[in-house]
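Undergrad: The primary structure of each chain is shown beneath.
Number of protein chains: 2
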Amino acid sequence: MTYQPGLHILAELSVPEAALLVQYEKTKECIEALINRHQLQSLGEVYHNFTPHGFTAVICLSESHISLHSWPEYNRIHLDVYLSNFLRNNDAITQSIYEALKNFYHAEELSVQTLKR
Amino acid sequence: MTYQPGLHILAELSVPEAALLVQYEKTKECIEALINRHQLQSLGEVYHNFTPHGFTAVICLSESHISLHSWPEYNRIHLDVYLSNFLRNNDAITQSIYEALKNFYHAEELSVQTLKR
Numbered sequence: 006m007t008y009q010p011g012l013h014i015l016a017e018l019s020v021p022e023a024a025l026l027v028q029y030e031k032t033k034e035c036i037e038a039l040i041n042r043h044q045l046q047s048l049g050e051v052y053h054n055f056t057p058h059g060f061t062a063v064i065c066l067s068e069s070h071i072s073l074h075s076w077p078e079y080n081r082i083h084l085d086v087y088l089s090n091f092l093r094n095n096d097a098i099t100q101s102i103y104e105a106l107k108n109f110y111h112a113e114e115l116s117v118q119t120l121k122r
Numbered sequence: 006m007t008y009q010p011g012l013h014i015l016a017e018l019s020v021p022e023a024a025l026l027v028q029y030e031k032t033k034e035c036i037e038a039l040i041n042r043h044q045l046q047s048l049g050e051v052y053h054n055f056t057p058h059g060f061t062a063v064i065c066l067s068e069s070h071i072s073l074h075s076w077p078e079y080n081r082i083h084l085d086v087y088l089s090n091f092l093r094n095n096d097a098i099t100q101s102i103y104e105a106l107k108n109f110y111h112a113e114e115l116s117v118q119t120l121k122r
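If you read the protein sequences in the order shown, they are chains Y and H.
Okay, so the first sequence: first residue is 6 according to this note's numbering, each after it adds one.
Okay, so the second sequence: first residue is 6 according to this note's numbering, each after it adds one.
Think of the hints as simulated: they come from the structure by calculation, not from any bench.
Treat the hints with care, since some could be wrong.
Pairs involving identical chains hold if they fit within one copy or between any two copies, as the list cannot separate such chains.
Said to hold, decoys possible - The calculated DMTMM-like cross-link candidates involving lysine to aspartate or glutamate, where the alpha carbons are at most 20 Å apart (straight line), are:
#1 Lys107 with Glu37
#2 Lys121 with Glu78
#3 Lys121 with Glu34
#4 Lys33 with Glu50
#5 Lys121 with Glu50
#6 Lys121 with Glu37
All chains should be built: construct the whole structure from the sequences, respecting the hints.
TA: Okay, here's the thing in structure tokens:
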């Protein structure tokens, strides 16, 4: 079987409402809903709130990973959504999760890279 | 203070010795040594071995993250090393960790992307 590259979206987002970037709790709810909606399999995760503010999170999926690093002092968040295509083609799901997160944060894109890997 | 972009290296590596890609244990030792050597701060991690082979790992750092997804059936591993520059400039450390992992796997680069973000 030939290797099937997966889609990795890397984005830097501008988030007007810095309150969404202070702690991870609301983001975690959003991520968990997306994982359920798209029937992805979480293998474990790390969510961490910094003092005085900002959070970082990595979610390990059987399909690869999602990561988020927030910078409330700069109204920005950096996020990665990367799903492999081992058992099925997940490219549309990768894009859908990215769009859902962008909408969740009411964000503007500062920059976006899409890689097939 | 202006935002200081960090260096994110994303690589697809060809690994002749597929045995290194079957389970995560030796990789974990390597990663932990690198984290200690460079005085990075791990906030938590997920290492997972798949059945029958292959592993996936994400290491959440206060400086951002490292991720690895192995494909022993294709002699390849995909890895990301991303360190922010919030408290100090970590660009040289990002590069050094990437080189150390490439050496650990006796790997050839299939493709490498470096992003400042």
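Undergrad: Checking against the hints above, which ones are violated?
TA: 3, 5, 6
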